[in-house]
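Protein chains in written order, with numbering that gives the first Met the number 0: chain A, 0 to 344; chain B, 0 to 344; chain C, 0 to 344; chain D, 0 to 344.
A few of these clues could be false.
[Stated by the list, open to error] Distance condition first, Cα-Cα at most 30 Å in a straight line; then the derived DSS-like pairs of lysine-lysine: (1) D/138 <-> A/165; (2) A/249 <-> A/165; (3) B/187 <-> D/165; (4) C/165 <-> B/249; (5) A/187 <-> C/138; (6) A/78 <-> C/187; (7) A/165 <-> A/2; (8) C/2 <-> B/165; (9) B/249 <-> C/78; (10) B/187 <-> D/187; (11) A/78 <-> A/165; (12) D/78 <-> A/249; (13) D/78 <-> D/187; (14) A/249 <-> A/78; (15) B/165 <-> B/78; (16) A/249 <-> D/249; (17) C/187 <-> A/187; (18) D/165 <-> D/2; (19) C/187 <-> C/138; (20) C/138 <-> C/78; (21) D/187 <-> B/78.
Hint data in this document are derived by calculation from the structure and do not stem from the laboratory.
4 protein chains.
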Amino acid sequence: MIKVAIVGASGYTGVELLRLLLNHPQVEITCVTSRQYAGRPISAVFPSLMGRNSLIFDPVDVDLVAARAELVFTALPHKAAMEIVPDLLRAGCRVVDLSADYRLRDAATYEQWYEPHTSVELLSEAVYGLPELYRSQIKGARLVANPGCYPTSVALALAPLIEQNKVVLSSLIIDSKSGTSGAGRSAKVGSLFCEVNEGFAAYGVASHRHTPEIEQTLTVLAGQPVAVSFTPHLLPVNRGILSTCYATLKAPVSTEELVALYRQRYADEPFVRIHPAGELPNVAYVRGSNFCNIGLVSDPRTGRVIVVSVIDNLLKGASSQAVQNMNLMAALEETCGLGDLPLFP
Amino acid sequence: MIKVAIVGASGYTGVELLRLLLNHPQVEITCVTSRQYAGRPISAVFPSLMGRNSLIFDPVDVDLVAARAELVFTALPHKAAMEIVPDLLRAGCRVVDLSADYRLRDAATYEQWYEPHTSVELLSEAVYGLPELYRSQIKGARLVANPGCYPTSVALALAPLIEQNKVVLSSLIIDSKSGTSGAGRSAKVGSLFCEVNEGFAAYGVASHRHTPEIEQTLTVLAGQPVAVSFTPHLLPVNRGILSTCYATLKAPVSTEELVALYRQRYADEPFVRIHPAGELPNVAYVRGSNFCNIGLVSDPRTGRVIVVSVIDNLLKGASSQAVQNMNLMAALEETCGLGDLPLFP
Amino acid sequence: MIKVAIVGASGYTGVELLRLLLNHPQVEITCVTSRQYAGRPISAVFPSLMGRNSLIFDPVDVDLVAARAELVFTALPHKAAMEIVPDLLRAGCRVVDLSADYRLRDAATYEQWYEPHTSVELLSEAVYGLPELYRSQIKGARLVANPGCYPTSVALALAPLIEQNKVVLSSLIIDSKSGTSGAGRSAKVGSLFCEVNEGFAAYGVASHRHTPEIEQTLTVLAGQPVAVSFTPHLLPVNRGILSTCYATLKAPVSTEELVALYRQRYADEPFVRIHPAGELPNVAYVRGSNFCNIGLVSDPRTGRVIVVSVIDNLLKGASSQAVQNMNLMAALEETCGLGDLPLFP
Amino acid sequence: MIKVAIVGASGYTGVELLRLLLNHPQVEITCVTSRQYAGRPISAVFPSLMGRNSLIFDPVDVDLVAARAELVFTALPHKAAMEIVPDLLRAGCRVVDLSADYRLRDAATYEQWYEPHTSVELLSEAVYGLPELYRSQIKGARLVANPGCYPTSVALALAPLIEQNKVVLSSLIIDSKSGTSGAGRSAKVGSLFCEVNEGFAAYGVASHRHTPEIEQTLTVLAGQPVAVSFTPHLLPVNRGILSTCYATLKAPVSTEELVALYRQRYADEPFVRIHPAGELPNVAYVRGSNFCNIGLVSDPRTGRVIVVSVIDNLLKGASSQAVQNMNLMAALEETCGLGDLPLFP
């Protein structure tokens, strides 16, 4: 049994980590922290978890966490993460950080899109926690930077095309749509039910912070600089990200050939599912699971390929991917505790 | 490993049975039938189940089913169920029937609310599959009539009050609200997204077929005839039933005392959770799980108690309760394969 | 043209008043106040109103308001309303107050359910603004207390039964469900999209502040004290209230007779529509309009009548009813500016 | 008063035409047809319209329609429209056709994307009813082809850029999202609440029939052939289309300059509203109205402009645009009967 802590467990990714880890056969949750709810039982804050545990939120305290846990999930906003992660590592914990603080390898890029970085020395050590691309590095890592939700959906959608040099790199356009849980659990007018329900809008056009993270992954795959247009939208659903990706093909290739290419690329991946030609994914097909579903269409009229990927933003886009990383770090079966099939309808 | 079949697996309760049984450690699904989809892979009909199985829908054929399975879940409409269940029993299968056909002990009552009953001889044998009330009978049963969704939510909400003779039986009023999956997966204008979304309405007022099922359970508990007002409403959510139950108290009793009474009654029940005084359940607290959450308020101004219960209509109201019954029938751990915690948000 | 002001126009009832009054042929909006948004154009705060006006939010200032407007809509929280209404009247304005502060005639009852009342002297003058019950008094009123949303739905549902002495007064149970706009536009975790969407719960059971308002109206109609059980629930829709009302009949009466009774009672009412026997209302049938739809069922099995009413909580439950009151106060056609038909789907 | 008929009034565009025309001051509805509901009052089929009319659905009969109406709205599926429109014109009616049958000027293109065209002789006469582009031709037209919902949102979004030759024509990518009412009111499993709610998916990728309609409009504007990538998605909302349009700029131009360009282009248009730089539209800002809102961002990193437009798919995308066309054809004020402000929330 691995002893784990969750630091900052009062948001939506926190409650999902709790749900997954309470049912994980190889894990004991030994510490759960929340500044806001310290002293309260988690089942009072999240009645969905009533009856299966008697955990109490602790205040955030590095010594306490390190004394109780070998591995720590930090589910904090960016900036707050880099204020505590170095101490946790120093105290001997391994860390899966769900924030953006260790995802970008280049401090200057981080500072351009976020703010001054106060933990630059760890950037070269941190491993980007996308198992489908970085499995071997994750296994030995002390610090894993769990990917962003949009970047996960985009990297898995585009990796086979870029690895195989099939598309014009300057042509990449990514139109993404995310469920509202991606906006977090803090009280904001813009996240109120009546503002979101029966609505739909783009936001952060040409300025969203996941852009450099997407570009970093694609640049590594391409071996040359990649810049993309990335447009996120807010969907009136609780969960789910769908990314519609457009790329100009270097040479004509049929939908069937591309489906075959994707199937081959992901043949050994337990959590990536490729739709047959003629079928496309729906966010509902992955709800509540660690799966990424991908479908695609080659359009001879325009010479473009359109790739559509879906994930559950709270799971493959955050908490279950974090557990997948933990499994790899701890040399457990990679799928351990991640067997949930999607909940439909 | 128990070999099981699902007859009529193309609806929402069918896909939930598939989801649960594919992950059940003691079950092997050996046969899945659907008139409509015979010959097609289940992952083509339900892409949420892609990749974890290679099952194909078979046509409905008693001999085939009986040859392959020890225990059969019949997830058919009423009338269709009683046309096949006798044959399945005769062929040696045990059956959990999710239809209404074997729930009412009295054929005349069935015929008054439904239609002519063609399998009357089995009514005295069939056990009403509500484990919290009929656990011991279920264990030995050959035929279990899985309860209706509304009746499950009501029986669990009112049993402690009636068992303890706390309320005036003629005063019972039940105002229930169900998610739209309760209407099934057949194509009807009234179930279209645009008809349901942003809408809310009562239906079947004073005439819903779950009324006699509710009354039968309460009558047995009370030891005398009980008639109730029961009003169902259609909620614009996928899943969940909330029943608000009103009863006049025979003598004043505080909310705290009632909470204590409920906690004692359900102390050994793994799937019933009682909220502390001052808290009330939300259908979101049980989504995707086999739990029933109950909260209540005693109102000294009017002398009434208001009990609010929630279940997931597709799970404790149908498919996971059916698995719970199977576990009991097969002498497995009652909670086996039912460990899912609710998905929130 | 009447010159009107809206004090506290930054919430959902405020934006609805703006929408209605901008299109009202006899009204000029001369002042719109908001503490929070003072100085900003209303079209920046409410982009739905772009392009049809150039109004700017003013800070709240009685002298400014009174200098510009004859009639003032106060759309403030309770307590805030009674701090400004006396000054507005003193300055010569007529007022339609959308808060709870002047709805209860008895100060002691107000203080029991709300807080100390600082404007008791106006309680006897204020007219309860439900035109279907108090039309003649509203016409001459200086101060109209616009009814609460739930109480409007209940009063219209039950008035004919109580006026005609058809039901046992002690038997009244009201189970109401409201869209989320009823919770207002302030940022609270409980009103976030992910907390409300796919959820449903009761709240304020046996303790909601609209209870005494409902009881006051029914008591006047009955000529004797009436106490009710009132249970509100939060619906995952933007707009709409549906109240399911239960009452024991004093003598048997058929659904058809009751429908006839309701049709006669509301024959001259332009905004009340009675469904024929066998049909029931849906909140979707009144969305965006000032209508109240009512359907009912007499149940001979239990001797009860079930009455179901629906309104748009922001309109007949707040803003359009306020405009209806203004029309009466200003001797305009009662339906002026209220011709919108419901938006379906 | 113009006497109008609505042929095929039982769908969502039909009920919206009824709602608008019942409140139109210059219109008398003299005939409403429906094959399915012939003989039934429209208020029984659409209870939202109760009480304001006594119209009865008639069977479809050209002579009857022509005897009663000067102008006819045909709200039929494609193919059904071209089977009746020639007869209506021959009988002396003017027609606004809401189907696709007369939108494409080239019969071969129609037949490539739809099916054999049986009314080719009218294609050269039919005027494409987008007032912002074809106002003068609409005024004298006998037959107006009311534009598709997606094409309306795209044409208004891109017209200024193409008219001013600002973008590389081969670079156009349009990612659109539509509310579910766009799928119509027929009973299909794919349109059920539980299939759409909490879901999101692309459909018709690289094959949607609105593609040639979009390309026809842009080709005329550009004066040379334009081919686009067009990807529609199904949104879990009742109403609203949002189109996110990507184009490579021929030369750098700032967001502010582009906003100014759009404001100038649409300065005299009563139904097009341009957001200031830094703001983007939401489908909620136009719900229930004839408005099109447009926002845009110029991205110097990629050299692209992203234009986002929103309309209510049932209104500016169908029924209210049809009324706008009728107003032009009948020499009424173009905005007559179209004054509704958007319903928010």
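Against the structure, the hints come out as follows:
For a cut-off of 30 Å, the pair hint linking residue 138 of chain D to residue 165 of chain A is broken: about 51 Å separates their Cα positions. About 6 Å separates the Cα atoms of residue 249 of chain A and residue 165 of chain A, which keeps this hinted pair within 30 Å; it holds. At most 30 Å may separate the alpha-carbon atoms for a hinted pair to count; residue 187 of chain B and residue 165 of chain D exceed this at roughly 48 Å. Distance check on the hinted pair: residue 165 of chain C and residue 249 of chain B sit about 26 Å apart at the alpha-carbon level, within 30 Å; holds.
For the hint linking residue 187 of chain A to residue 138 of chain C, the alpha-carbon distance of about 41 Å lies beyond 30 Å, and the restraint is violated. A hinted pair counts as satisfied when its Cα atoms are at most 30 Å apart, and residue 78 of chain A with residue 187 of chain C qualifies at roughly 24 Å. Only pairs whose Cα atoms come within 30 Å are accepted, and residue 165 of chain A paired with residue 2 of chain A is rejected, the gap being roughly 45 Å. A threshold of 30 Å between alpha carbons decides the hint, and for residue 2 of chain C with residue 165 of chain B the separation of about 60 Å lies outside it, so the pair is violated.
Distance restraint check for residue 249 of chain B and residue 78 of chain C: the Cα-Cα separation of roughly 39 Å exceeds the 30 Å cut-off, and the hinted pair is therefore not satisfied. Distance check on the hinted pair: residue 187 of chain B and residue 187 of chain D sit about 7 Å apart at the alpha-carbon level, within 30 Å; holds. Among the hinted pairs, residue 78 of chain A with residue 165 of chain A is inconsistent with the structure: their alpha-carbon atoms are about 38 Å apart, more than 30 Å. Annotation: proposed proximity of residue 78 of chain D to residue 249 of chain A is violated, straight-line Cα distance about 40 Å (limit 30 Å).
At roughly 20 Å between alpha-carbon atoms, residue 78 of chain D and residue 187 of chain D fall within 30 Å of each other, so this suggested pair holds. At roughly 41 Å between alpha-carbon atoms, residue 249 of chain A and residue 78 of chain A are farther apart than 30 Å, so this suggested pair is violated. Taking the CA atoms of residue 165 of chain B and residue 78 of chain B, the gap is near 38 Å; set against the 30 Å cutoff, the hint is violated. A threshold of 30 Å between alpha carbons decides the hint, and for residue 249 of chain A with residue 249 of chain D the separation of about 22 Å falls inside it, so the pair holds.
For the hint pairing residue 187 of chain C with residue 187 of chain A, the CA-to-CA distance comes to about 7 Å; that is within 30 Å, so the pair holds. Distance hint between residue 165 of chain D and residue 2 of chain D is unfulfilled; the C-alpha atoms sit about 45 Å from each other, more than 30 Å. Restraint check for residue 187 of chain C and residue 138 of chain C: the C-alpha separation of about 39 Å exceeds 30 Å, so the hint is violated. Between residue 138 of chain C and residue 78 of chain C the alpha-carbon distance is near 26 Å, which keeps this suggested pair within the 30 Å criterion.
As the CA atoms of residue 187 of chain D and residue 78 of chain B are separated by approximately 24 Å, the hinted pair is consistent with the 30 Å bound.
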